[in-house]
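S.K.: The chain contents come next:
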Amino acid sequence: MTLLRVAGMLGRGGSRAERARARLVAVGAALATWFLFGAANVLALHGQLDDRLGPIANRGTRPGTAFAFGLMILPIAAFLHQTGRLASADRERRLAALRLTGATPAQVRLLGALETTRSAALGTVCGAIAYVLLEWSIRGLLLHLPTTAAGVPPALGLAAMALVIAVAAVSGLLAGRHVVTSPLGVTRRATRRRPGRRVLLVPVLGCVPMVARFAGLPVPYRPYSLLLGAGLFAVGMMLSTSLLVWASARVAGRRARSAETLLAARALETDARPWGRTMSVLGLAVAIGSGTGWIEAGIMDDRHTLDPFWLTSFTLVDLALLVAMAVTAAALLVHQAEYLMEHGPVLATLRATGVADGELRRVLLRQGIIAAVLPCSVAALIGLLGLTDTGGLHNETWAWWPVTNAVLMAALGVLAATLTTKASQRRLQRAVSPGRLRTE
Amino acid sequence: MTLLEARRIEKTFGRTHALRGVSVAIESGEVVAITGPSGSGKSTLLHCLSGIMCPEAGEVHYDGRRIDTLDEAARTRLRRDAFGIVFQFGRLVPELTAVENVALPLLFNGDGREKSATVARDWLERMDALDVADARPGELSGGQLQRVAMARALVTGPKVVFADEPTGALDSLAGEKVLGLLLEAARVNGSTVVLVTHDNQVAAHADREIVVRDGAAAGVVA
Ligand SMILES: Nc1ncnc2c1ncn2[C@@H]1O[C@H](COP(=O)(O)OP(=O)(O)OP(=O)(O)O)[C@@H](O)[C@H]1O
Ligand SMILES: [Mg+2]
Numbered sequence: 130m131t132l133l134r135v136a137g138m139l140g141r142g143g144s145r146a147e148r149a150r151a152r153l154v155a156v157g158a159a160l161a162t163w164f165l166f167g168a169a170n171v172l173a174l175h176g177q178l179d180d181r182l183g184p185i186a187n188r189g190t191r192p193g194t195a196f197a198f199g200l201m202i203l204p205i206a207a208f209l210h211q212t213g214r215l216a217s218a219d220r221e222r223r224l225a226a227l228r229l230t231g232a233t234p235a236q237v238r239l240l241g242a243l244e245t246t247r248s249a250a251l252g253t254v255c256g257a258i259a260y261v262l263l264e265w266s267i268r269g270l271l272l273h274l275p276t277t278a279a280g281v282p283p284a285l286g287l288a289a290m291a292l293v294i295a296v297a298a299v300s301g302l303l304a305g306r307h308v309v310t311s312p313l314g315v316t317r318r319a320t321r322r323r324p325g326r327r328v329l330l331v332p333v334l335g336c337v338p339m340v341a342r343f344a345g346l347p348v349p350y351r352p353y354s355l356l357l358g359a360g361l362f363a364v365g366m367m368l369s370t371s372l373l374v375w376a377s378a379r380v381a382g383r384r385a386r387s388a389e390t391l392l393a394a395r396a397l398e399t400d401a402r403p404w405g406r407t408m409s410v411l412g413l414a415v416a417i418g419s420g421t422g423w424i425e426a427g428i429m430d431d432r433h434t435l436d437p438f439w440l441t442s443f444t445l446v447d448l449a450l451l452v453a454m455a456v457t458a459a460a461l462l463v464h465q466a467e468y469l470m471e472h473g474p475v476l477a478t479l480r481a482t483g484v485a486d487g488e489l490r491r492v493l494l495r496q497g498i499i500a501a502v503l504p505c506s507v508a509a510l511i512g513l514l515g516l517t518d519t520g521g522l523h524n525e526t527w528a529w530w531p532v533t534n535a536v537l538m539a540a541l542g543v544l545a546a547t548l549t550t551k552a553s554q555r556r557l558q559r560a561v562s563p564g565r566l567r568t569e
Numbered sequence: 214m215t216l217l218e219a220r221r222i223e224k225t226f227g228r229t230h231a232l233r234g235v236s237v238a239i240e241s242g243e244v245v246a247i248t249g250p251s252g253s254g255k256s257t258l259l260h261c262l263s264g265i266m267c268p269e270a271g272e273v274h275y276d277g278r279r280i281d282t283l284d285e286a287a288r289t290r291l292r293r294d295a296f297g298i299v300f301q302f303g304r305l306v307p308e309l310t311a312v313e314n315v316a317l318p319l320l321f322n323g324d325g326r327e328k329s330a331t332v333a334r335d336w337l338e339r340m341d342a343l344d345v346a347d348a349r350p351g352e353l354s355g356g357q358l359q360r361v362a363m364a365r366a367l368v369t370g371p372k373v374v375f376a377d378e379p380t381g382a383l384d385s386l387a388g389e390k391v392l393g394l395l396l397e398a399a400r401v402n403g404s405t406v407v408l409v410t411h412d413n414q415v416a417a418h419a420d421r422e423i424v425v426r427d428g429a430a431a432g433v434v435a
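So the protein sequences, as listed, match chains D and H.
The first sequence begins at 130 in my numbering and counts up by one.
The second sequence begins at 214 in my numbering and counts up by one.
Hint data in this document are derived by calculation from the structure and do not stem from the laboratory.
Even for Gly, the Cβ is constructed at its ideal location relative to N, Cα and C.
Among the clues, some could well be false.
Unchecked claim - Simulated DEER-style distance windows between Cβ atoms:
1) D:R383 - H:D335: 18 to 28 angstroms
2) D:L229 - H:G370: 29 to 39 angstroms
3) H:E269 - D:A146: 23 to 33 angstroms
4) D:R383 - H:N322: 15 to 25 angstroms
5) D:G487 - H:S251: 47 to 57 angstroms
6) D:G360 - H:D284: 50 to 60 angstroms
7) H:E389 - D:R327: 18 to 28 angstroms
8) D:R342 - H:T331: 20 to 30 angstroms
9) H:E269 - D:G487: 40 to 50 angstroms
10) H:Q414 - D:L544: 36 to 46 angstroms
11) H:G242 - D:A235: 57 to 67 angstroms
Unchecked claim - Reference listing, derived: stretches of chain D covered by chain H, where coverage requires no fewer than 3 residues with Cβ under 8 angstroms from a Cβ of chain H:
12) 396-407
13) 540-553
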C-alpha cells in the first residue's frame, strides 16, 4: 500500500522532537501493555497464595486488583495522548509538501495516525515480550511456583495488545485536529476555544440518585441506580476538569498582580484542554487516594495492628497511586515541552528584552500551580466525602487520618504538577537561547 | 559623548565568522542605521551591542562601562533598565492583548496592574495603535504588530532603542509610518536609536549609516 510506504519514508525524516515522540509513544504503549498483562495475570491465578502477597493472595480480592491494574491504563492513556500530540505542528509542516502534490487533509492526518500507531505497535510488542520473559524467569527461577500460578492467558494478552494499539490509533487520528495546513505549507494552530460548559450536566445528573437518597425520596433499582450515579459523577467530573482549569486560569488572569502570573494564567486559559486532560487523571488518583483514608482508618480502628495482608494491600495501593501520579506528571512534562517549543521565539524575545531566567521559570511553575490546585482540592474533597461512611469508625482514635490523608493527597497532586517545572528547566534554557531569536 | 561602543569585536558560529573585528561608536541621542547585505552580520552586531550575546574577542562599552564581561544576570538587568528592543516580526506574547503585551515590562518591574495598563495605553496612543489595545496579536496586521512591539520597547523609557529590521515585514508605506512614529517617540524620549535595515529608504532617516560587509564595518556614511 502506497500510504504505508509514504509513512515509512516520512518516518525516517523528522525533527528531534518528532523522533522523541516516536520513542515516547513506544514507551507509553509498552507501559500500558505491562499493566494490562498484569491485570490478566492476576485474573489467571488459581487457589489461595501466601498472605504476604496481599490482595493477589485471596481469590476474593483478585478481580478488584485486576481492575486496579486496569485503571493504571488511564494515566498512561493520558501520557500517550499527550505524546502523540508532541510536535504535531512539525509533522504537519513536513506533510504540507504532500498537500501540494494533491493529498487531502484527511489523508495527511491518516498518515500522522499511522506513524503513531506504528510506534505504539512496536512498543506493545516489545513490552509484551519483556513482560513474558520477566514473568517466566521470576516464576520459574525465583519463586519456584509451578502450577498454582499461571501466566498471561494468550487470548487476554492479544486482546490487551490490540486495545493499546487501537487507543494509540484513535489518539493519533485526533492529534492533527488543531493544526491547520494549507497547501502552501503555512501551519498554525487554530484558535482554541473555551471548553464546553455542557459537560457539567453529566456530574450533576450523576448526583441525582444520591441527593434523592439523602432527601429520603424513593430511589428505584437501589444499589444499581446509586452505582450508576456515582459512575456518572466520576466520569463527569473528569470530563469537566478542563472547565475547572479554564476557570482557575481565567480568575487568576483577571486578578494577576505580577507579570509571571499573568503570563501563566493566559497561556493556561488558551490551552486548558491538554492541562484538563492530564489534571483529570491526576484528580482521579487524588480522589482514590483520599478515599482510601477512610478504609485505612476503619481497618486500623478495627484491629489496632496490621496483618501482612493489609500491610501489603495498603503499600500496593499507595505505590499504584504514586506510579499513576508520576505517569501523569510525565504527560505534563511532555505538554510543557510542546509549550516551550511553540513559544520558544516569544520567550527568547522576552529574555532578550531583559526578563530574567528565574522569572521565566516562575511562569512555568505558576502554570502548574494554577492548573492543579483547584482540580486536586476538589478531587480530594470528593474522595473524602464520597467514602465517608464506608469505614464505619467505632471510636475516634483514627478519625484524624482521613482528613489528613486527603490534604496530603491534594498536596501530592499539586506537587506532582509543579515538579515538572523543575524537570523542564534545561529545556527552558535551550528554548530561550539567543539563537531562537533568528527563527520566525 | 560616546554612549555605546564596540571595539574590534569578533563572533563565530561554528565555522561562520559572523563578525571579524567590527568597531563602531554611537553618540548619545543619535539615530544610527546599520546596513549591509544579508548574512553580513548586522543582527549579530546588534545582539552584541545590546548585551544579548557576548563577542569572543573585543570589547563592548556602554555608558563608560564594559558590558561584554558582565555575567548573564547583570546583562539582563541592563537590557531591562536601559535598553528597548524591537524585532522583525513583533514577537508579542500571543495569549495577551496588545495593552497587556505593552504593560508586561512594567509588570515585570513591579508596577501595579492598573498603573502599567494606563501607561501602556498611553504608549499605544502615541504609536497610533490605541484602537487595537484589546485585540490579541493573532488579530493584528503586520503594521499594527510592529507599532505594538515598539510601544512595548519604549514603555520603560529606555536610553537606547535597538530595532532589527523593524519594517522588514511591511510594505514601504506602512514601513515609513511605523518608522516615523518610532523615531519621533525616541526623539521626544531622548533615546538613542540603533536600527538594522537593508532598506536604503529606511536608512535615509538615520543621522548616520554604518555599512557592514562580511562581518566588518566597511564604511560610515554621514
Ligand atoms: N545562532 C547562529 N547559529 C549559526 N549561525 C549563525 C547564528 N547567528 C548568525 N549566524 C550566521 O552568522 C552570519 C551573520 O548572521 P546575521 O544574522 O548577523 O546576518 P544579517 O546581516 O543580520 O543577515 P540578514 O540581513 O539576512 O538578517 C550568517 O552567516 C549566519 O548564518
Ligand atoms: Mg538579521
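S.K.: Decide, hint by hint, whether the structure agrees.
M.R.: Hint check:
Here the CB-CB span from R383 (chain D) to D335 (chain H) is close to 22 angstroms, well matched to the stated 18 to 28 angstroms. As the Cβ distance of L229 (chain D) to G370 (chain H) is approximately 49 angstroms, the hint placing it in 29 to 39 angstroms is violated. Checked against the hint of 23 to 33 angstroms, the C-beta distance between E269 (chain H) and A146 (chain D) comes to roughly 30 angstroms, which is consistent with it. Our hint of 15 to 25 angstroms for R383 (chain D) and N322 (chain H) holds, since their Cβ atoms are close to 21 angstroms apart.
Taking 47 to 57 angstroms as the suggested C-beta distance range, the pair G487 (chain D) and S251 (chain H) does not conform, at roughly 36 angstroms. Checking the proposed 50 to 60 angstroms range against G360 (chain D) and D284 (chain H) shows it holds: the Cβ atoms sit about 58 angstroms from each other. The hinted range of 18 to 28 angstroms is not satisfied by E389 (chain H) and R327 (chain D), whose Cβ atoms lie roughly 51 angstroms apart. A beta carbon spacing of about 56 angstroms between R342 (chain D) and T331 (chain H) contradicts the range 20 to 30 angstroms that was offered as a hint.
Between E269 (chain H) and G487 (chain D) the C-beta distance comes to about 27 angstroms, which lies outside the given range of 40 to 50 angstroms. Roughly 57 angstroms separates the CB atoms of Q414 (chain H) and L544 (chain D), a value that falls outside the hinted 36 to 46 angstroms. For the pair G242 (chain H) and A235 (chain D), the supplied restraint of 57 to 67 angstroms holds, since their beta-carbon distance comes to about 60 angstroms. Counting residues of the stretch 396-407 of chain D whose beta carbon lies closer than 8 angstroms to any beta carbon of chain H gives 3, which reaches the threshold of three, so the coverage claim holds.
Counting residues of the stretch 540-553 of chain D whose CB lies closer than 8 angstroms to any CB of chain H gives 0, so the stated coverage by that chain is violated, three being the minimum.
Of the hints listed earlier, those the structure fails to meet are numbers 2, 5, 7, 8, 9, 10 and 13, in rising order.
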